[in-house]
Amino acid sequence: MAARTVSERPPIIGPGHTSGTVTDKISEVVLRKTPRWWYVGFGVSFLLVMLFFYAVAYLFTKGVGIWGVNVPVGWGWDITNFVWWIGIGHAGTLISAILLLLRQQWRNSINRFAEAMTLFAVACASTYPILHLGRPWVFYWLMPYPNSLGIWPQFRSPLVWDVFAVSTYAMISLLFWFVGLIPDLATLRDRAGSQGAKVIYGILAMGWRGSARHWHNYESAYLMLAGLATYLVVSVHSVVSFDFASGVLPGWHTTVLPPYFVAGAIYSGFAMVLTLSIPLRAAFGLEDFITARHLQNMAKVMLATGLIVAYGYLIEIFMAWYSNDPYEKYMVVNRVMGPYAFQYWALLACNVVSPQFLWLKRVRSSTACLFVLSIVVNIGMWLERYVIIVTSLHRDFVPSSWGMYSGTVWDYATFIGTIGLFLALMFLFIRFLPAISIFEMRTILPEAKSVEEAGR
Amino acid sequence: MKGGPRLWGLMAEFHTPQELVEAAARTRAEGYRRLDAYSPFPMEALSDAMGLPASKVPMLVLIGGLIGAVAGFSLQYWVSVIEYPLDIGGKPYNSWPAFIPVVFECTILCAGLFAVLGMLALNGLPMPYHPVFNAPRFALASRDRYFLCIEARDGKFDLEATRRFLESLRPSEVTEVAA
Amino acid sequence: MRDGPPAPGNTTGGTPLRQARGREFWRSLEELAGSPEFEARLRDEFPRQASEWHDGLDRRRFLQLAGASLALAGLQGCTRQPVEAIVPYVKQPEEIVPGTPLFYATVLTLGGYAQGLLVESHEGRPTKIEGNPSHPASLGSTDVFAQAAILGLYDPDRSQLLTELRSVRTWKDFVTALRAGLQAQAALDGEGIRILTETVTSPTLAGQIQAVLDRFPKARWHQWEPVTRDAVRLAARAAFGGLLETRYDLSLPDVIVSLDADFVTAGPGAVRRARDFAGRRRVRGDGAGMSRLYVIESAPTAVGTLADHRLAVRAGALPAVTAALAKALGLPEASGSNAQLDEAQARFVRAAAADLLSRRGRCVVIPGEYAPPAVHVLAHAINHRLGAVGAMVIHTEPVEARPVDQASSLRDLVEDMEAGRVDLLAILGGNPVYTSPSDLGFAEAMLNVSMRFHLAAEEDETSEYCQWHVPEAHFLEAWSDARAFDGTASIAQPLIEPLYGGRSAHEVLAAFVEEAPRPGLGIVRESWRSKIKAADFETVWRRSLHDGVVEGTALPGRSAAIREEAVREAIASIRPPAGDSLDLILRPDPSVHDGRFANNGWLQELPRPLSKLTWDNVAHIGPATARRLGVESGDVVEVAASGAAVRLPVWVLPGHPDGAVTAHIGYGRRRIGRVGAGVGADLYPLRTAAAPWLLEATMTSTGHKAELASTQEHFGMEGRRPVRHGTLAELRINPGFVRETEEPHRKEESFYPAQPYPGRAWGLAIDLSVCTGCNACVVACQAENNIPVVGKDQVRRGREMHWLRIDRYYEGPVEAPAVHHMPVMCMHCEQAPCEVVCPVGATNHSSEGLNDMVYNRCVGTRYCSNNCPYKVRRFNFLQYSDERTPVLKLGRNPDVTVRSRGVMEKCTYCVQRINGARIEAEKAGRPVRDGEVVTACQQACPTQAIVFGDINDREARVARWRSEPTHYGLLEELNTRPRTTYLAKLTNPNPDLERG
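Residue numbers (this note's numbering), protein chains in the order written: chain A, 1 to 456; chain B, 1 to 179; chain C, 1 to 996.
In case anyone wonders, no lab produced these hints; they're calculated from the structure.
Since the model is a prediction, treat every value here as computed from it, not as a measurement.
Glycine included, each C-beta is placed from N, C-alpha and C at the ideal position.
Warning: the hint list may mix true and false statements.
Which stretches of chain C does chain A cover? Using the computed rule of at least three CB atoms under 8 Å from a CB of chain A, they are [as the list claims (entries may be wrong)]:
1) 291–303
2) 420–434
3) 657–663
4) 854–864
5) 869–878
Derived, one-sided and incomplete: chain C residues facing chain A with beta-carbon distance under 10 Å [claimed, not checked]:
6) Gln712
7) Gly716
8) Asn844
Chain A on its own, in the form it takes in the complex (with noise of 0.2 Å):
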């Protein structure tokens, strides 16, 4: 196909590159001198990152009472953030794990940050979990180390199970990006121009040759850890979404969360991909590597997704009706028409609705357009996430108990810091490493093509 299709879509890298220009091109990114710009984004981060901090130790001298959880409202934006951040993360993953065994080669100019992007979501949710405990300075009892009380982790308990998810998913998430790191550090180390920067890139970069037999064992082992990430893809949010699933409420008892909920990780993830690289690819002039085609195929993983996630919500309501069973059917009305309807609508207009404006092509390739939809779709599946945890807690099976929830001010506090550290975190990453994966970049190049065609 890739004949027919080359002539009419754009390209993935644009014309002329060579090695050599392609090498130049990002890591002067890095080894050149700090962009004014970067001084101003990365100092409003920090200041939110400042904010996060204040918020968590008012949080830890006073105790979860100053949010606005309560009973029966036991989880509200804490879980709500953790369950979001995971799932941007998710993106990431797919697109350097799935889309590398699929030898889709547009992911070349994009896994890099797709992954340091997933790394530090991950960073940011897993706080959540932490925070959100009564006693958060026992949190690691949740972990099964030798003790002294003799007593472990309960392991029936999806909680238990997301500690090992995430964690591992954090481990992997990391290793696949360093091996992904380790020759373009070699690069860096051998383009360096202070000593400094060659020391520090070289220690990274391992003694890194590119001989042969390194490529030979990388390329096996990168193989690898992009099948055990595929398996991650999956798994990740499925068992996050155990944490719903497998309790008893009506709007959490229902298995088709798990799938609906990787797709929408998927969903959200490539939104925030967007998100990302839109002004990425414009701060750094790389259009020649993020090109429309770029865009364009993840505007499509976002419309094939955001079905599935549609396709999610109709379920839902058809199971509720086909069980007959009386609080299924509550939950469901109680969503479209109770007091949470607002939010409800609000994320059937931001995640089925928005998204259908990408089958059209003309929006499919407008920067603009997409950029604008990737932040809706954010928006959306934060709403999704808020909807599931508190209207399916908040009346749920006694009407004596039931009640109503909203975040303070301190919920507010604590998401919008870690959306500082992640900020803080990704500003601190293009600024340092390359964001874009230059040997990758290369084996897409002519002249890397006609050696691998003159090899078959």
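Chain A is fixed; fit chains B and C onto it per the hints.
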């Protein structure tokens, strides 16, 4: 090797990957065994040309995965059934279906660790010093140049003969690499 | 928290140490004073979070007297704690075994009438109050006030200093001053001496007052009880020509008609009446012998929710309806009555009358404590007519030491004071400045008295108007005695030395007549030595103390003849209510009563039985009235009556009669401790001596909104059936009807084999037929399990901590709904959803089927609460338990952990009691007997609606309850296998009315 020669080997530089692949192939045909090729990006063709055996990484990953799975389940079984059994929601102590997710995650984790550590071990990394870095233009190996190095340890290695042979491969230049 | 400003003279800093101490001191004082500046500064510190932090202090004022603790610690620390508690026994009293509680009998008086108690004491510290099984007014049960009294004992806000004009004095100073005042009166035969008390039944106190009156013949004794029973007394005088006490035995009648009588919660002997009544409503088998209850009421009450037939009438129409009933029953005197009833009322009265007549001699009509005299007179006549007197209705000599018409008694006092005829006024207990009828102008008149002193538990509104304030000892701190509704006398013994040096009324009165101060014990003992004619006084005395009752002091019934003319006058006095006027019905608050319990956090936070409101009093109105006024719950209205006006939030109460508004007195206290201050609105200004309970009023909407803290937001069952109910008839036709009406998809199968329970299997069952929603169990649970108070703001956020809640549901038309009470605590599910999701195993199952909660292990994910279908788990979102105020620590139950911030908690089936019983049993080498383990809620319940035991033991009561046809489990269809289960609510309606 006798007395450790002061010379590491001879390094030939090429401009295109094709040249390197051909060169590697011919060098092997010539009978050289202790040689290595350096390129800015992976090339299956090059591996074939150098006749590298299949990588051991996949086997390591399998082993890692199995270790993880067994460890994951036995941890949960030991904790829930032997060490500190508790009646949780009327479930049996060994409620194995509830243990599956953790087993799965442990499998992935160990497999992944084995993949990366295995790869580094097989490549002998980290390795802060290596003679090829002495080659003056070797830094370009991480940009857009392609190098072939025949090591002095090779039984067939003879400074003059080998240099002549390498030049016959029409490299942009041939340099001696100090050990 | 930021430091306060540096102390004066310390502004330049100085050494860090000095500065720190200076600041600390200054800050604490400010907080102690609760100065607005201080709280304002706190607010400024976290601008958007104002409420959070500010309420953080505010809401835990009672629990966490953050600053005050400095001052208190000073007081408590040194001398006030009973020795036993703070030093190890050097020489151990033989009856005290550390760790094992002792129980002492004593009595609590409310409105002068005694309720027998057994008080649990740990190493000398009273920790829990239970009913005294051998006391006629208790039979082992208690009401909310008795349960909460223990907190009143340790209330750090109780007055702690004897003062004259706000400056500290000693008891000696006081006696000197008093005697000086008396000296001056000696010549005048005490013409200027007045003593004001509340209702007195205490023989000793009466004797002492009499002694004073003998010494000063012209002195006067006045009585004023805010929850006045004047109507009862007036009616008795009218109907019988003399003062009689009338009590009702509800274990006998088959048919009961209540005339606005909330007989299970209001009035002397309510707890006992509730017990007797429930005995005839607790349906077993085919329900033989179940009594039938007709309720005619002007304001929704507990009794109304139990009624088989309820008729809501405007308060003004009550006498007319009563007259019609009398007429229908064929009372000759009533034949002349021309009461106009509407169709519904007429049908109701006809049916009730027919039912009564068919059960002659097995029926009773009960007039309400707060109903007008006419209703009482007619009720007396009816009961005589129906042959209820002697068995169901018993007339006795008065229980009160000296019954008087208290309104006029107080009026006389005010007139004397205004006329300057009073020189020395002794107010022994009570808070007349706050509670006296507004039209008397008591406070102003009082200022004409030259010497005023006040014996009171806290420095209240009245202390403000008196030169001398004497701290009154709590009833657990002082010797006294009192008589129950049936006259039975009890001796109240103290369990602890006065924490704050309080004195009893006995000690004060003793100072009137004798030089040497006499201890309470001596006074009470002497007065009884003269009364007990037994040869061996000591034995009788000791037995009386031990049993909590003095044998043979119950008053015998006596015959009494009705004066026909009284009945005729009553009939004649009845006027039809003015059509468009609005009835303002005042009632004592179910929690703070007449305001005396306003500083009790447990009671303030207790959800009121019908509205489930906490920390407020409101104007209850019916839906129709609300519609007409265009207001909804939470809107603030202005209620104006007798020349005064009060602003109150509205609460729309289904079933409340139209054209009437019901509000509770006892709020809006001006001078009181940190808890009660600023809670609710004061309604006493509307109250007049002539009309204490019912006034004509106007109500106007103000357009403002109030923030109310209700613990239940949904009162409908939303088509679900948490409460299952039916009629006796249904049960007889089809015993299994309760189970048949279950949700369709009930499934028992499970992926796993069920855990076996070979040994004991604890279970608890609740009979919904007899739950009156009185809340006694809720407070009992709170007291037993050290459950903290969280304050209004936290309740509004849905964070109340009660382990046991009483759900209330309405069914049917809003004008006349059926009301159901449903106590809900942890179900201890055998397949508990909460346990499976806990990541650290902090909640798991015991071998006897308890759903245990391990506080030390809990990390606070709240997942268990989310996954609990019953939402019975409670979480410490903040540091709710006060761990700083020493005096509060004394009152805690040492057998129960005090929970800290961030952990989940819930009902444990009082596991400490279970283990206590198990240990005893094991020591004796026998199995735990049925009834040996009694949970706190079960023990307190006046109607014995709760039973606990081993469901594996066929003979156990709980097992027998579970085998009843009406037995069901809440949300059984979720396959949680709850151990807490219910017996469906059964009513016994009159077929004739049903059909109509």
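Hints versus structure:
| no. | hint | in the structure |
| --- | --- | --- |
| 1 | 291–303 | violated (count 0) |
| 2 | 420–434 | violated (count 0) |
| 3 | 657–663 | violated (count 0) |
| 4 | 854–864 | holds (count 7) |
| 5 | 869–878 | holds (count 9) |
| 6 | Gln712 | holds, 5 Å |
| 7 | Gly716 | holds, 6 Å |
| 8 | Asn844 | holds, 8 Å |
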